[in-house]
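First to last, the sequence lines map onto chains B and Z.
Numbering follows our numbering, with no gaps: position 78 of the first sequence is 78.
Numbering follows our numbering, with no gaps: position 56 of the second sequence is 56.
What the hints contain is simulated information worked out from the structure, not anything from laboratory work.
Be careful, since some hints might not be right.
[Claimed, not checked] Which stretches of chain B does chain Z cover? Using the computed rule of at least three CB atoms under 8 Å from a CB of chain Z, they are:
id	region
1	26-36
2	100-114
[Said to hold, decoys possible] Straight line, CA to CA, 27 Å or less: simulated DSSO-like cross-link-like pairs of lysine-lysine:
id	chain 1	residue 1	chain 2	residue 2
3	B	Lys106	Z	Lys7
4	Z	Lys7	Z	Lys120
5	B	Lys106	Z	Lys59
6	B	Lys106	Z	Lys139
Glycine included, C-beta positions come from ideal geometry on N, C-alpha and C.
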Amino acid sequence: MTIFDSTTLSAAGIPAGSATGAAAETRSNIFEATQAAEDAVLRPKQAGAFPHGLRAALAARIANAAGENDLAERYLAGAGDMAGLADPSRDGEDEGLAPVVGFADKAANHTRDILAEDISTLQAAGVEDADIVRLCELVAFVAYQLRVVAGLRLMKGATA
Amino acid sequence: MSRIVHKFTRTVPQWQPRVTPVDLQEASEEQLDALSVTPSNTKVSAYVLTLAHDVESLKVRSPLFNAIMYDPGGMSRAERELGAIGASMVNRCIYCAAVHADRHAKLEKDTAVTDELFAKGEKADLSPRNRAIFDFARKLSESPVAADEADMANLREAGLNDEEILDLILSTSLFGWANRLMHVLGDPVREEVSA
Numbered sequence: 001m002t003i004f005d006s007t008t009l010s011a012a013g014i015p016a017g018s019a020t021g022a023a024a025e026t027r028s029n030i031f032e033a034t035q036a037a038e039d040a041v042l043r044p045k046q047a048g049a050f051p052h053g054l055r056a057a058l059a060a061r062i063a064n065a066a067g068e069n070d071l072a073e074r075y076l077a078g079a080g081d082m083a084g085l086a087d088p089s090r091d092g093e094d095e096g097l098a099p100v101v102g103f104a105d106k107a108a109n110h111t112r113d114i115l116a117e118d119i120s121t122l123q124a125a126g127v128e129d130a131d132i133v134r135l136c137e138l139v140a141f142v143a144y145q146l147r148v149v150a151g152l153r154l155m156k157g158a159t160a
Numbered sequence: 001m002s003r004i005v006h007k008f009t010r011t012v013p014q015w016q017p018r019v020t021p022v023d024l025q026e027a028s029e030e031q032l033d034a035l036s037v038t039p040s041n042t043k044v045s046a047y048v049l050t051l052a053h054d055v056e057s058l059k060v061r062s063p064l065f066n067a068i069m070y071d072p073g074g075m076s077r078a079e080r081e082l083g084a085i086g087a088s089m090v091n092r093c094i095y096c097a098a099v100h101a102d103r104h105a106k107l108e109k110d111t112a113v114t115d116e117l118f119a120k121g122e123k124a125d126l127s128p129r130n131r132a133i134f135d136f137a138r139k140l141s142e143s144p145v146a147a148d149e150a151d152m153a154n155l156r157e158a159g160l161n162d163e164e165i166l167d168l169i170l171s172t173s174l175f176g177w178a179n180r181l182m183h184v185l186g187d188p189v190r191e192e193v194s195a
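Input sequences plus hints: build the corresponding full structure.
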């Protein structure tokens, strides 16, 4: 397993030996730590209220909304029977997850508009504080990873 | 009484969580380990105690954060801070913007760039290099990402090499993460000075 097998570099299509790949190798510790973060956020030992399949589906949903379809496909592989939620046009009502899905969408895509009320709405829907933090870490990590992928793809295009 | 800070500032506010942080007295062994709490080090911020609810993420994020912002080589520390500021302005994370504008000003020994950014936002009068860096950071932070080939070409034209561009992508994206914790899970507040 090299950094070029990591989700980030493979989703961005960065091979070893390319100019962008050579730059990535100077930061191999960062790509290794990014993969470790992905494992901790998408497939944690203590998943709380969010099983691995639901995490994968929400991650794929955020990547899809951002137009990062290759990354979304990689997340979706772990989504199991939650895969339907990867479609950003679904609101989570059928799964009984509308408050969680609505919050994830707003935190991911309209971050600046988040208010204290968005947190209290989740609390009122019965989501524990620890799970609110877990949900924010998931959304926030995916926001990071999809931007690294988007940036690397632009970088690769410019050196090709 | 404290009031919520709504305007960008270099004067770092307090951070007030919207959820109940982990109580240090009731923290698990794993949480104490991730918090690096030892008998001689028991001071932990409300922010870190909040993140300790998800101890597996907290453990991996801190080394990643430090590597992206502080590892030697590549882009200068001040320019990485500019990436962080660009993201924090897009996401309106007042707390993150304050911390990183303050760091930028201290590293540069000059407040001109962050004064200009906070006064004029994307219309700020910047050097060509800072302009290219800030515009790229801002557009990479939009949802969906708005940075394109022309923004990348501007970075190269401004003289950035591959290692610097990679560090800018990483530091900007990292604040896509940090902003979604800081700005979502808490409020930036300042104590009211009573008359």
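Going down the list of hints, with the structure as the test:
1. With a threshold of 8 Å between beta carbons, the proposed coverage of the region 26-36 of chain B by chain Z holds, since 7 of its residues qualify and at least three are required.
2. Check on the region 100-114 of chain B: 7 of its residues sit with their Cβ under 8 Å from a Cβ of chain Z, so the three-residue criterion for coverage holds.
3. At roughly 21 Å between alpha-carbon atoms, Lys106(B) and Lys7(Z) fall within 27 Å of each other, so this suggested pair holds.
4. For a cut-off of 27 Å, the pair hint linking Lys7(Z) to Lys120(Z) stands: about 12 Å separates their Cα positions.
5. For the hint linking Lys106(B) to Lys59(Z), the alpha-carbon distance of about 26 Å falls within 27 Å, and the restraint holds.
6. Restraint check for Lys106(B) and Lys139(Z): satisfied, since their Cα atoms lie roughly 18 Å apart, inside the 27 Å limit.
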